[in-house]
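Colleague: Each protein sequence line maps, in turn, to chains A and B.
For the first sequence, position 150 (counting from the first letter as 1) is numbered 150 according to the working numbering, and the numbering increases by one without interruption.
Add 171 to a position in the second sequence, counting from 1, and you land on the number used in the working numbering.
Do not rely on the hints blindly, as some may be mistaken.
[Said to hold, decoys possible] DSS-like mimics (lysine-lysine), calculated; alpha carbons at most 30 Å apart, straight line:
{"no.": "1", "chain 1": "B", "residue 1": "238", "chain 2": "A", "residue 2": "130"}
{"no.": "2", "chain 1": "A", "residue 1": "13", "chain 2": "B", "residue 2": "268"}
{"no.": "3", "chain 1": "A", "residue 1": "13", "chain 2": "B", "residue 2": "238"}
{"no.": "4", "chain 1": "B", "residue 1": "207", "chain 2": "A", "residue 2": "115"}
{"no.": "5", "chain 1": "A", "residue 1": "116", "chain 2": "B", "residue 2": "212"}
{"no.": "6", "chain 1": "B", "residue 1": "207", "chain 2": "A", "residue 2": "134"}
{"no.": "7", "chain 1": "B", "residue 1": "317", "chain 2": "A", "residue 2": "130"}
{"no.": "8", "chain 1": "B", "residue 1": "207", "chain 2": "A", "residue 2": "130"}
{"no.": "9", "chain 1": "A", "residue 1": "115", "chain 2": "A", "residue 2": "134"}
{"no.": "10", "chain 1": "B", "residue 1": "268", "chain 2": "A", "residue 2": "115"}
{"no.": "11", "chain 1": "A", "residue 1": "116", "chain 2": "B", "residue 2": "317"}
{"no.": "12", "chain 1": "B", "residue 1": "317", "chain 2": "A", "residue 2": "134"}
{"no.": "13", "chain 1": "A", "residue 1": "134", "chain 2": "B", "residue 2": "268"}
{"no.": "14", "chain 1": "B", "residue 1": "317", "chain 2": "A", "residue 2": "115"}
{"no.": "15", "chain 1": "A", "residue 1": "13", "chain 2": "B", "residue 2": "207"}
{"no.": "16", "chain 1": "A", "residue 1": "134", "chain 2": "B", "residue 2": "212"}
{"no.": "17", "chain 1": "B", "residue 1": "212", "chain 2": "A", "residue 2": "115"}
FYI, nobody ran anything at the bench for these hints, they're computed from the structure.
Single-letter residue listing:
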Amino acid sequence: MGCSYCELLAGKKGVVYEEDGVAIMIHRSPAMPGHMLVLPTEHFIIMEQAPDTLIRKLATLANKVSTALLNVLGAAGTNIIVENGTGADQQVPHLAFNVIPRVEGDGLNFQWQPKKLSDEQMGLIELQLKEQAKDVGVVPEKKEPVTIGAAKPEAALKKDSYLTRQLRRRP
Amino acid sequence: MSDNDESSEETSNLSPSEIEELQRKNCVFCHIASGKVPARKVYEDDVCLAILDINPAGPGHVLLMPKQHYTVMFNVPEDVLGHVFIIAKALSQAGLKALQAKGSTIFAANGVAAGQRAPHFMLHVIPRTPSDGVGLYIPSRALPEKQAEQIAAALATALGGRKGEAPVDATPAKQDSGQKGETAPEVKQDDPKQGKTSGKKSDAIDLDAIASLLAKEGK
Numbered sequence: 001m002g003c004s005y006c007e008l009l010a011g012k013k014g015v016v017y018e019e020d021g022v023a024i025m026i027h028r029s030p031a032m033p034g035h036m037l038v039l040p041t042e043h044f045i046i047m048e049q050a051p052d053t054l055i056r057k058l059a060t061l062a063n064k065v066s067t068a069l070l071n072v073l074g075a076a077g078t079n080i081i082v083e084n085g086t087g088a089d090q091q092v093p094h095l096a097f098n099v100i101p102r103v104e105g106d107g108l109n110f111q112w113q114p115k116k117l118s119d120e121q122m123g124l125i126e127l128q129l130k131e132q133a134k135d136v137g138v139v140p141e142k143k144e145p146v147t148i149g150a151a152k153p154e155a156a157l158k159k160d161s162y163l164t165r166q167l168r169r170r171p
Numbered sequence: 172m173s174d175n176d177e178s179s180e181e182t183s184n185l186s187p188s189e190i191e192e193l194q195r196k197n198c199v200f201c202h203i204a205s206g207k208v209p210a211r212k213v214y215e216d217d218v219c220l221a222i223l224d225i226n227p228a229g230p231g232h233v234l235l236m237p238k239q240h241y242t243v244m245f246n247v248p249e250d251v252l253g254h255v256f257i258i259a260k261a262l263s264q265a266g267l268k269a270l271q272a273k274g275s276t277i278f279a280a281n282g283v284a285a286g287q288r289a290p291h292f293m294l295h296v297i298p299r300t301p302s303d304g305v306g307l308y309i310p311s312r313a314l315p316e317k318q319a320e321q322i323a324a325a326l327a328t329a330l331g332g333r334k335g336e337a338p339v340d341a342t343p344a345k346q347d348s349g350q351k352g353e354t355a356p357e358v359k360q361d362d363p364k365q366g367k368t369s370g371k372k373s374d375a376i377d378l379d380a381i382a383s384l385l386a387k388e389g390k
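Same shape as in the complex, but just chain A (with noise of 0.2 Å):
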């Protein structure tokens, strides 16, 4: 298979933590000695894909770690970063929660360039964000009836060729 965390999961190699679907392991190329992955023992590509019960499990498993580095490393400080499709330089096809020590003057700076936006499109994105968001929270109690549209289209198929028959016919 392709994806080397599932490869390194399956032979446990630096793996430091691993409960019921979720594991910690150790990077090895690291940002910073100790910087520590957090993922699912389950391939999941990106956060999009993975039910929300598992993003619980690994933010806590994140925290956790988190703080352990604090203790076990003297870490003054920590990120996490998750790095979600190619757009975001995601590196390996696995879902994962990087979990980075910091100390300061570690010469490690994920601080990003403000760029300008106008007050229109400020508003504009406002709009469009809160448009797409408005149902986050009401997706799963409306289930979409799956099952009668995917019936259909069998039938619309035979009453097409039907009628494109017909039309076939006619001149």
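Got chain A sorted already, so can you dock chain B onto it with the hints?
Modeller: Relative to the frame of chain A, chain B by itself:
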């Protein structure tokens, strides 16, 4: 007489709980959550709030935070943190749809050393496209096998020793009940006393120090 002696002193003389009370009062994100300060809100529920960052890394850069004031992520109760990350996933998806993004970066900085600026825990959700110039990437360096093993062993011990009984788990009940309850000092006081079991040596974590650093920054 004793009253006016003790009140109105500098931050250095305040207890961690008093510092946090002060932070809460001065916290712009708490004011945004309560509606005192305006912001472009894109999502809101009982637990958390998402607003557009006024200095965005790119279009659609969202700040997602619990409404309740938690200085750093370490203080955030498990259920709240889980909820915030679930909403982060949803907002990431919203960004993909609304802005035709090709991915998203979820980012959190815990502590000044990690680049945290405001003393209110938040996640950044940044919609991304391959050449967007955000420049946020994780560098990599070589890690000698031996060092990797040492770190892994130490962490395995630390994590294994506290299975199901992590201090982060112990905080939510207290946090939820009392508005002004502060986690950091409680975690600190509780743990050393409990620290009699084998794997518990790692509980000497100084959350107060991390929080008070932020207090200075935030001022």
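Colleague: Which of the listed hints are broken here?
Modeller: 2, 3, 7, 11, 12, 14, 15
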